[in-house]
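Engineer: One-letter residues, chain by chain:
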Amino acid sequence: MNGKLNDSVKKALELVDKKNLDGDVFGIKERNISYSIEKGELAESSEYEDLGLGIRVIKDGKIGFGYCTPGKEEKGVRRAEELSTLSQELELKLPREEDVSEPKIFDKKVEESSLEGKGAEFTQQVIDGAKDLKDDIMPTRGGLSISIGHKVIGNTRGVFLKQKNSAVSTGVLATIPRDETSINASESRFSRKMDLDFTDIGKSAAEKVDSLREGSELPEGDVPVVINPDAFGMLMWFGIVPAINGENIRKGKSVYEGRMGEKVASEELLMKDDPTMDWGVGSGPFDDEGVPSRKVPIIEDGTLAHFIYDLKEAIKSDTESTGNGLRGGFKNPPDISDRNIILRGEGKKKEKLLPDKGILVDGVMGAHTLNPASGDFSVVGTPAWLVEDGEIKGKVEGAMISGNLPDALETTELADDYKKFHASLGSREIKMDLPSARFNSVTVSGK
Amino acid sequence: MSLKDIIDYVRDEGATYCDIRKERWDTTSLTLKDGEMEKVTSGSEEGAMVRVLYKNGWGNVGTSDLSELKNAAERALAMAKNSDKYKEEKTGMADVETHEEKVEMPMEDNFLDISTEEKVSFLKDLEKHLDKGFVRSTELRYIDRLVDKEIATSDGTHVEMRIPRIVTYMIITGKSDTIQRSSEGIGGTGGYELTERAYEKKDIVLDRLETLLEAETPPSGKMSLIMDPHLTGVFSHEAFGHAAESDLVSTGNSCLEGKIGDKVASDIVTINDDPTMEGYGSFPFDDEGTKARSRTLVKDGILNDFILDRENAWKLDMEPNGGARAEDFRVKPLVRMSNTIMEPGDMEFDELIEEVDKGVYAKSSGGGQVNTGEGTFQFNAQEAYLIKDGEIDKPLRDVSFNGFTLRTLQNITGITKELDTGIGHCGKGQTAAVTDGGSNVLISEVTVGGRE
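So the sequence lines, in the order shown, correspond to chains A and B. Mapping the first sequence onto our numbering, position 319 (from 1) lands on 319, and the numbers just tick up by one. Mapping the second sequence onto our numbering, position 322 (from 1) lands on 322, and the numbers just tick up by one.
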């Protein structure tokens, strides 16, 4: 089935080789089937198959990049070679062949479901789960997607690696209509294997919106904020992930510059990038430059331990690639990227994190407006609930949560409700495994 | 087989409606970071999206293999038939005038005729202008994209169009007691001539960074807010425009549902979305082949229109107005904005400021997000100043504000005369090039989020 992709990568590599140039060729093939939910019904089915090559050529120490579809390899290689004359000179060391770990990332059952068109049934289960709780709750939007992906990377130093992955993701927005404006809440989940409980996903969104009917007064000031995994993941990705990027460290654009070995988070916090774990959201045997995957400890016992690098930055920073070169599709050259961020802490029960007075937040609006250089943020927690005496009360509106994320991390407590979190942002993806967290040093305003 | 032959074939097999959008993209992308040409990229891709409606169910298939188009159409029909089994609510496509036309959007200076060397030289020259003591790091990006589209529908429309888009980004970073950054994107639909505009904006980016390095964290709570033209544009797009997208309206996800003809904003507010004006979000036909036209969404505070594709126009019993846009051939079109403008008013800036005892003057967007169903929004300004007793006071950094869309639109009490626009990329599961614009606008009350 993937003969076309493999042949095309090999052909492009031979063309690079014939020119006595160094280089690598990255091929991608992805088949995605999706189903959309509109107003309580399955509205449509969509499918796309993507196929393409990214060609990186190194000529006289300079790197050029071109991309093309199979059959157009000659043009792609020629373009990459021509453009190489314009780039900076850098002795990029492409990896040589070595053993790679093989984390589990492909489930045959996902592929079978995709081929048998079972996604429509699964989508209906999500819809029914959301509809069945109360008569006035409607899953107004949402969808489910099943994808099978193939990646191939080969280079002129003998590397030729292949991987196949599967993924199922679904999300639904449950809505209660009101006279003026509606109230809504969403639930989304992701898995690389066929283990999601689709009915429960719909039910969970419905239960969330059902709990928002009654309002409570927003507590203001420096009150604790407990934040669910998805929202915590969004803040961490926009606020901390840029700070561990090796290039930002070298250029002084990270709050963690010069702080290696220092305590930067609460005592028990562990943050690592681990693409070697089975069924991880961003797991895989190698990165998009053919560097074998490895575990990268970033914060251990609250202490800053490592940053992440791709091949190019490794040379500039005089270190080794950590296997963090990703491309975000075949059209982009590799860039430093997190692979599969794992966050762990004390592992307390979430109920134990609920404060005497504070708020519980399920989602945040504006995580992308966080200042990636300083980590300062001011986002709206929504939906959010008042917490009093450790109990979740009514909905609070307009809860603006402000603070500095690296500072807040120093006193953050983590729960044990671990969730695999995935979100797509253009060509970039958030891939994490993390629990709920309690921020103890942020400000809430907005009454 | 021609697109028409494939469409005829699918219709003969029972399809209610079918359209095919074939695209070719040619892109050059350059990144200059701190004096080094980090990325020099060029490539082409092509593919097509086939959409089939069977009774009330849709099937959409995107493929990069143009030799397999008939097969893609067969799969789309099978998927549409399967979708129909699950669908009870009726659907359809509102009628539009059909067109057979070929349109090429103009480039004064064709970027395909400019060598990559010259484009690299442009970035290097621009970088020299950003070389100031307080700038620690610079990142400049140049992207040009030429898109050729051919759209055929089972109603008889067959249009071909060529859309050139070009954009330059300037991102600079500096450090004082905190690290701050300032960025600006400059571009539009057109040719290489648009790169000149980057030079006009360089001082804005520099001045902003210098100010931010001295700025303080903002106060929090409810207060007055003056938005500059760029932020007004982004506010009009995010807080209001998304709620006016008919796919959200027809599925119960918009606070504007059922409000056509109602007063939704103060009398001085008029908002247009116009793909036919000069802008980054311009196009001659939308991605269903409907001719582009200007839409007046709000007229003197009254909700006047939605942004409508053909299906949602059918559902809402309204007239389609060219609101369907797709990111590329892999995906079906969604209802999207184009160039969204809040029309200028009649006040001078000084008059606006004088009306504020305590508030914030916020400039240039740092991004925003909206919940269209609940009618709430959050925004971030790149640059801001405290306003005290009718005068601009100290600079502020990391200013965000939030509120309720309908309440906030009613709270607009002043709009100045000048109009300015900015460009951006709107995300709604797919990316779309857009222009947003307006004037300086006074909102009597919003919630500002701060740490004091």
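Be a bit skeptical, because a hint or two may be false.
List of simulated lysine-lysine pairs, DSBU-like, C-alpha gap at most 30 angstroms [to be verified]: (1) A:K72 x A:K39; (2) A:K395 x B:K263; (3) A:K131 x A:K164; (4) A:K263 x A:K357; (5) B:K70 x A:K118; (6) A:K118 x B:K263; (7) B:K388 x B:K175; (8) B:K202 x B:K132; (9) A:K59 x B:K124; (10) B:K81 x A:K193; (11) B:K22 x A:K164; (12) B:K202 x A:K39; (13) A:K349 x A:K193.
DEER-style ranges, computed between Cβ atoms [stated by the list, open to error]: (14) B:K70 x A:N2: 21 to 29 angstroms; (15) A:T411 x B:D317: 49 to 57 angstroms; (16) A:R213 x B:K222: 24 to 32 angstroms; (17) B:R197 x A:K349: 51 to 59 angstroms; (18) B:G258 x A:E74: 33 to 41 angstroms; (19) B:K299 x A:E267: 24 to 32 angstroms.
From the derived model, a few chain B residues whose C-beta atoms are all more than 10 angstroms from chain A [unchecked claim]: (20) K55; (21) A80; (22) E108; (23) G156; (24) M161; (25) I179; (26) C255; (27) M277.
No wet-lab data here; the hints were simulated from the structure. For clarity, every value in this text was computed on a predicted model and none was experimentally measured. The beta carbon of each residue, even a glycine, is placed where N, CA and C say it ideally should be.
Engineer: Which hint numbers doesn't this structure obey?
Structural biologist: Numbers 1, 3, 6, 12, 18, 19, 21, 25, 26, in rising order.
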